[in-house]
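Participant: Sequence:
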Amino acid sequence: MIHLSPAAINEIGRLKSKQPSNILFRLRVKSGGCADLFYDLAFDATVQPKDQVLELHDIRVVIDPESLNYITGLSLDYSEDLMGGGFRFHNPQATSTCSCGNSFSISQ
0 MIHLSPAAIN EIGRLKSKQP SNILFRLRVK SGGCADLFYD LAFDATVQPK
50 DQVLELHDIR VVIDPESLNY ITGLSLDYSE DLMGGGFRFH NPQATSTCSC
100 GNSFSISQ
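Residue numbering for the sequence shown follows numbering that gives the first Met the number 0, beginning at 0 and increasing consecutively.
Just so you know, the hints here were simulated from the structure itself, not pulled from any lab data. Keep in mind the model is a prediction, meaning the values are calculated, not measured. Among the clues, some could well be false.
Unchecked claim - Okay, derived cross-link-like pairs now, EDC-like style, lysine to aspartate or glutamate, Cα gap no bigger than 20 Å in a straight line:
| id | residue 1 | residue 2 |
| --- | --- | --- |
| 1 | Lys15 | Glu54 |
| 2 | Lys15 | Asp76 |
| 3 | Lys29 | Asp50 |
| 4 | Lys17 | Asp39 |
| 5 | Lys15 | Asp57 |
| 6 | Lys15 | Asp39 |
| 7 | Lys49 | Glu65 |
| 8 | Lys17 | Asp57 |
| 9 | Lys29 | Asp63 |
| 10 | Lys15 | Glu79 |
| 11 | Lys29 | Asp43 |
| 12 | Lys29 | Glu65 |
| 13 | Lys49 | Asp63 |
| 14 | Lys17 | Asp43 |
| 15 | Lys29 | Asp39 |
| 16 | Lys49 | Asp39 |
| 17 | Lys15 | Asp43 |
My request is simple: use the sequences and hints to build the entire structure.
Facilitator: Next up, the structure:
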């Protein structure tokens with residue numbers, strides 16, 4: 000369904016280590032951004048009844064059912080450059096993305 004690069008796994012683990020032990024990593028797609036939809040990454044302590052929980056490299060990733068439609072095949076990476084670090088999204092379903100890389104659209 001989704002793939003986490005080794006760099007993304009390390010960064011999520013680093014960020015998670017600063018959170019309470021029962022915290023989960025939530026991946027969402029929300030309306031907005033420059034290209035219609037954007038990715039939202041957050042930590043969350045609750046799982047809703049319809050959420051899907053994936054175990055990816057010892058990271059519990061929580062995804063709501065609406066977001067699942069937009070992230071099949073998603074690869075999440077993390078890299079650092081002169082401007083700082085950030086997550087990079089590679090979504091085979093995206094028909095266009097904005098220059099920031101966090102906003103995308105899908106033809107339906």
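Participant: Would you mind marking each hint as holding or not holding in the structure?
Facilitator: Against the structure, the hints:
no.: 1; hint: Lys15 <-> Glu54; result: holds, 15 Å
no.: 2; hint: Lys15 <-> Asp76; result: holds, 16 Å
no.: 3; hint: Lys29 <-> Asp50; result: holds, 15 Å
no.: 4; hint: Lys17 <-> Asp39; result: holds, 19 Å
no.: 5; hint: Lys15 <-> Asp57; result: holds, 12 Å
no.: 6; hint: Lys15 <-> Asp39; result: holds, 16 Å
no.: 7; hint: Lys49 <-> Glu65; result: holds, 10 Å
no.: 8; hint: Lys17 <-> Asp57; result: holds, 16 Å
no.: 9; hint: Lys29 <-> Asp63; result: holds, 11 Å
no.: 10; hint: Lys15 <-> Glu79; result: holds, 18 Å
no.: 11; hint: Lys29 <-> Asp43; result: holds, 16 Å
no.: 12; hint: Lys29 <-> Glu65; result: holds, 9 Å
no.: 13; hint: Lys49 <-> Asp63; result: holds, 7 Å
no.: 14; hint: Lys17 <-> Asp43; result: holds, 13 Å
no.: 15; hint: Lys29 <-> Asp39; result: holds, 7 Å
no.: 16; hint: Lys49 <-> Asp39; result: holds, 18 Å
no.: 17; hint: Lys15 <-> Asp43; result: holds, 11 Å
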